[in-house]
Structures are given as C-alpha cells and as structure tokens.
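Participant: Sequence:
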Amino acid sequence: MKKSILFLLLLAGPLAYAQNLKPELWNKSWKASWITYAENPNHVYSLTGLKDYGVFKFQKKVSLAEKPSKCLIHVSGDNRYKLYINGTWVSAGPARGDLYFWNFETLDIAPYLNAGGNTIEALVWNEGKGKSEAQISYATGFILQADDAAQAVFNTNMDWTVAKNVGVSPLAVRVPGYYVAGAGELQEYAKGWSPFISAKSLGPGLTKGASIDAKGWMLYPSAIPSMELTSQRFASIRKGEGDLIHGKAMMIPANSSVDLWIDQGVLTNAYPQLTFSGGKDAKIGLTYAEGLYEKKALSTTTKNSNHKGNRNDIENKYWLGRKDSLIADGASHTFESMTYRTFRYVRLTVKTEAEALTLQDFKSVFTGFPFQAKASLKSDNPLIPQLLDVGFRTARLCAMETYMDCPYYEQLQYIGDARIQALVSMYYAGDERLVRQALDHMDHSRIAEGITLSRYPTDLHQQIPTFSLWYIGMLHDYLRYGKDPSFLKNKLAGMRGILDYFARFEGTDGTLQNIPYWTFSDWVNAWPRGIAPVSPSGRSAVIDFQYMWILQNAAEIERFFGYADMAARYEAKVKSMKPVLKSLYWDAGRGLFADTEVHDKFSQHANSLAILAGFDAGGVSSKLLTDKDLAPASIYFKYYLHLALTKAGKGNDYVSWLDKWKENIDMGLTTWAETSDISTSRSDCHAWGSSPNIEFFRIVLGVDSDAPAFSKVKIEPHLGELKVVNGVVPHPQGEIKVQYKPGSAAITLPGTVSGSFVWQGKKYPLKAGKNNLTIPR
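For the sequence shown, our numbering gives the first residue as 1, with consecutive numbering after it.
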C-alpha cells in the first residue's frame, strides 16, 4: 500500500457533516454492510475467530466518469482503521467509545478522487487479547457508507476484497508497573500479504433508531475532530554515528550491526516512520522509552529498583520499553506503526546477514487532539512560560480521542485525571469538545448501583467511588465555565444516582461509613493503594469532606435547572453534616482536622477539603504547608490544596508552592511525572499535574467565573512578587484581557460579560468592554 506523506491535508480532518445526518441513516439500516475477512473460501467462520489478532487490507476499485465536487462518506472500523484514497491517508479512527455508542467519522473524500480509476483502501487491525484496555471491541470489521445514494458504489459489501497480513504478529511489552496500552509489532516482510478474496458481510450498519437486537455496533457520529498529524524530526543522536534523522542515508554492510540511541528532545506521541531497503533477513529493532533506567540496587529507603534519575542523562543506563521488530526481505519499505508510540528516546538497532541494508530516513508524525494554546501570560518571572509550556505539552500528550491518564502505560480516561484536564482545556485552550465527550462517556459508564466506573471507555471495569464524586465536580465545573449549561440536563439523573449510592452508606449521624470498592484519594506513600485512612467505624474525614463539598456542587446544579426541592435536600444534608464533622474530626490541640475520629493521623487532604467544603480556615491554612507531620498531597492533589489555600486568602504565595514542578524540570522531564517521587515515577506524563495551566490564570491573574456559562466574572488577582503582568484567558464569548501595573489595572471583557474586580478587599464593578481602574499597590 503506497502511503502519501501529505499529512497537512489531514489537519482539517473529518468535517462536521454528521450533525446533519440524513434521517434514513438514523432510522433505517444502512445500505453498507460491516465487512470482515473469512479465511475459508466458503466463508464459514465463527464470531470467536473474528476477535483474534489480525491485520487486514480492505479494497475497492471505483471508476468515475468525472471528479465529484462533493462525496461524503461515513466510516468506522473495529478495532481501528486507517483509510486511504488513491494512496493518500485521509482518515483514522474510530474515536473510542462503546458498543452502544460506536463512533463513525464523516468526511468529504472528493478532493482525493479522480476522474477515471480510483482505489479505496482501509488498513484495519484487531489487536486481539493484547489490545489496549481502553479499546472496547465486538469483532474485526469495517464499514463505509456513502451519504448520497448516487455514490452508493463506495458502500462496503461483498464487492469489496480483503487480504490478510500474514507477516505481522504482536510483541509483548515488558515494562515496570501496570501496562495496558497495547502490544508492539513484529513485521516479517517476506511473508507479506495473502491473496485478496471477497469480503464477508456481517450485516448492515445500524444506529439505535434502526437496531432491533441490542448487539454489535450501534453507530453514532463522532463528536470530535480528527487528530492532528504533523511531520517532525528527531533532535539528536545521542549514541552512534551518522545523520539518518535528517534524511541522510546510511549503509550498513553485510554481517554487521548498528546501535543508535536517538533523542526527540521532548516527550511525544507519534507514528515512527523508518524507510529502508535491501538487507534481506536483516533484523531491525525500534524500542521506545520515556526515559532510561539507572543501574541502581535496592536501598533501605525504597523497594523500587526502577530508577530513572535525570531524564536528560543516558550514560550507565539501560533500556526497557515497548518495541517493534522488523525482518527485512530485501525490498524497499517504509515502516509506520499502526498505532502511535510514546517516546522521548528511540533505540534503533540493526543486525544484517549476508546482504547490506540501507537506512534511508527516520522521522515521525506527531499526533494528538488538535488543541491550540489560546491563553497567555507575560510577566517578569522567566519560569512561568516554561511551566506553562511543559504543562500544555503534558495535557496535549494525554489527550487523543479521549483524555488519558498517560499515553505510554494506560491510555485510560480516569475521572480524577480528567477533571483537571478538562479545566486546562477550557482555561488554556478555550476548547470544550473533549470535555463534553468525557462527560458523556462517564455518564454512559454508570453501573446499576448508580456510580460511574472510575475510567471509561474500558474493557475492564473498575470502580472508584471517590471519582464518581469528582464527576459531579466536573459537571459543576462545566456549569460555571462551559458555554452551554443546558448540555448538563440529561446528566441530572446520573448525578442523583451517584448521590443516592452514597446515601446508602450514611450512618445515623450522616457520615459515610464503609464505602465499598476502591476508595482511592491520592498516591501518598503512607496510604496503601492510595486509600486515605479509615477508622474502625469505617469513617474517613477525607471522604466525608469531599462528599460535603460535592453535595454543595450538586445543589447549585439542581437550582440552576429549577429543581429547588432537590437543591434544598442536598443543602439540608450539608447543614446537618457540618457540626457532626467538626465534632468528629477537629483536633483542638493540633488546630487541624484529623483523618479519622481516632485523631492519630493528619493530612493536607482532609484539611484542604474541609476548607473547600466550607469550614472556617482559621489557622488551618497556615499549617497546611508548615506542619511536616501532615501526609503530603501529591502533584495531583496539590490542585485541591492550592484551591484551599487561595480560598483561605493565601493566593499571593502561589508561585512559592511550585517546588515540585521546578523539581520535574530540574530532573530533565519535559512533561509532568505521575507521582511526587520523580526518580521512581512509573509514568513521565500525567496531565493531572498540569494544574498550573489553570492556576496561573484563575489564581495569579485572578480570572474566575461568577455565574453559569461564565456569564459574569470575578477577577481577584494574586500577583505576589510580580510587578507587571499581562494575560489573556479564552472565554465562551471571546477573550478576557488583563494588564496589571503598579497602581492600575486594565481589563477587557468580551461580548455581554460583566462582573467585578476585587483588590485588597475592595470590589470594583466591571462592564462589558474596556475597563481602566486605579488601584493601590
């Protein structure tokens, strides 16, 4: 299959035609069929066999009397597909969902068609048992439906042919820790493709409106655009000779070997592209790593021998990582992985046999959700741009067709991570498309007991009830910052179901007791599996304070939609809880809230959540950072710690709270590590650490929503040591622009937005448009 490198053509991606899908495609069976590969010439097959690993090429040759001006198609596959029109890669997908919402992409392929002969090809693969845990699957299949009946010649049916790549097989991945992001590839080019045979039909495409039996794929239009695809070059070769990474070919003689350690310079998600020729039977290896590992023995202070150390260093380190292996057949090829790889470093090894091999070029194609940075902040602190750059890179690498906790190890959309990612999307990129899809996914994941799954989409269900509470927090975030709060109305039933679940575990005093499933709160070394301390009675202050805060969020959502009785119910519960929690958890001697009523353990978590739930901060906030006996918040939970400190009036100290982020940079990371133990962190890229991309704008610039849909703003800057600060924050109606100088503030509000400016306890009104204020400094 010839692969064009015209990637810029893809940046527009599938167009938003699906919103205007014709009624017959919603309500009737599609004319196109799901097609698959059946090896038996009589097309005898079992569905079980169609779940196995396999890579297939579906093909249709179409002759057109003239080049059409428009040719809309709807296309999907299982597990994944790449669509090529006359050799040009034009679409990839489908966006991950589940069998009840199986996404299809809609695009206009007219620009890629010719008068006369045309070849439509789809590379479709099923990773079988080794697939990513985030990938839900029914069976190997592909479907393409023309929007216009006059172009039905493109529809998938048994006129299409299909071949199987018999030379590709999965390579198991061996890396430290939990890994569920898919296998590598072993490509034996001499085996090649089987002959083309007629495709087998699995039945017509069906949407919910046309489906009678609830099985298979229920087709649904994707709500997100195509992923960005941008060609990129490596930064340097750290070990080895030559300039392959800049397109200068290198010839490797027969019976010899090469070992190149290649550095991208920063972590990336990309499709590697290696072009080579000759070298029959040569073995080529590509190993991908976020960072290399130190040769370090176990110590008395750690049980983890997988030390990475400074990520810029490679000396005296060894490789562990996902790998692709190629065996050359003597011909010319460009290897491109089927799914993207995550890497900063790539190790390229070659061992030739009796024939020389020529490596002609090695580069990659960056991919990710097409976010663009729309927020900006200029000041006299040179560290801030670096923090924002690393944070946005982290957020981008953890956003593909869904949010992901990490791109290398899991690729799963966890609610705890996604809450912070969603706010970065809205505050920094001004883009809520992935936010809305994430809220849909989480709502779809709810189980019969009422709570959401901890992560979704996923083929392995996991319940973290505390994340279900954060889902309600996400709904509240969208109410405040999203452009269309009415989107939340069909989420109310799910929200109530979650709170009803928790209500079942309320004791007679209103506290939560013995919550089932995994009650993860944060990765704290002293907390087994991240579970905050629980007393013998089953109570946990961390969960009770979180519950109390989220009940207030839920009440605000209910009241917005006119359900005053439900809001009052939640508010009454909060009112009754407050004295109980104070009595149980307040330790007068320490001047802090304890983690349980036993008062033997204390954390930043319980005290931060108490402040956020509405307890008087008093002297608590001054101890949050100074009391060294408190269990510390990780880089993830510092989001809530910083919210609490700011609510307690300490926002001017914000920049001084960022030591953990500075440490990441000092350790050579180009994205934020998963845990606070940076040297031993499993993942080098977790977007839950990107909260500064929210906080520099919400805390330092002080720009916050003061009404649903951001229709009013409250601007209360916390400039600390900063003297002159200029910033832009994207808003549903345009941009909010602020400029602070000693003695003055210039603020521009978009559209019809009005609000207030708060400075040193005094409130100033703000009108839509330009506002110039004289303020004491």
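Treat the hints with care, since some could be wrong.
Per label pair, the in silico range of CB-to-CB distance [claimed, not checked]:
id, residue 1, residue 2, range
1, 763, 659, 30 to 40 angstroms
2, 209, 775, 54 to 64 angstroms
3, 775, 247, 52 to 62 angstroms
4, 769, 743, 41 to 51 angstroms
5, 625, 587, 16 to 26 angstroms
6, 767, 62, 56 to 66 angstroms
7, 87, 177, 32 to 42 angstroms
8, 312, 572, 49 to 59 angstroms
9, 752, 235, 13 to 23 angstroms
Derived from the structure by calculation, the hints contain no laboratory data. Even glycine gets a Cβ: it sits at the ideal position worked out from N, Cα and C.
Participant: Evaluate each hint against the coordinates.
Facilitator: Hint by hint, here is what the structure shows:
1. A hinted range of 30 to 40 angstroms for the beta carbons of residue 763 and residue 659 is consistent with their spacing of about 33 angstroms.
2. For the pair residue 209 and residue 775, the beta carbons lie near 58 angstroms from each other, so the given range of 54 to 64 angstroms is met.
3. Take residue 775 and residue 247: their Cβ atoms lie about 56 angstroms apart, and the range 52 to 62 angstroms holds.
4. For the pair residue 769 and residue 743, the beta carbons lie near 22 angstroms from each other, so the given range of 41 to 51 angstroms is not met.
5. Judged by the Cβ atoms, the range 16 to 26 angstroms given for residue 625 and residue 587 holds: they are separated by roughly 18 angstroms.
6. A hinted range of 56 to 66 angstroms for the beta carbons of residue 767 and residue 62 is consistent with their spacing of about 59 angstroms.
7. Checked against the given bound of 32 to 42 angstroms, the beta carbons of residue 87 and residue 177, roughly 40 angstroms apart, stay inside it.
8. A C-beta distance of roughly 56 angstroms is found between residue 312 and residue 572, which places it inside the suggested range of 49 to 59 angstroms.
9. A beta carbon spacing of about 47 angstroms between residue 752 and residue 235 contradicts the range 13 to 23 angstroms that was offered as a hint.
When each numbered hint is compared with the structure, violations occur for hints 4, 9.
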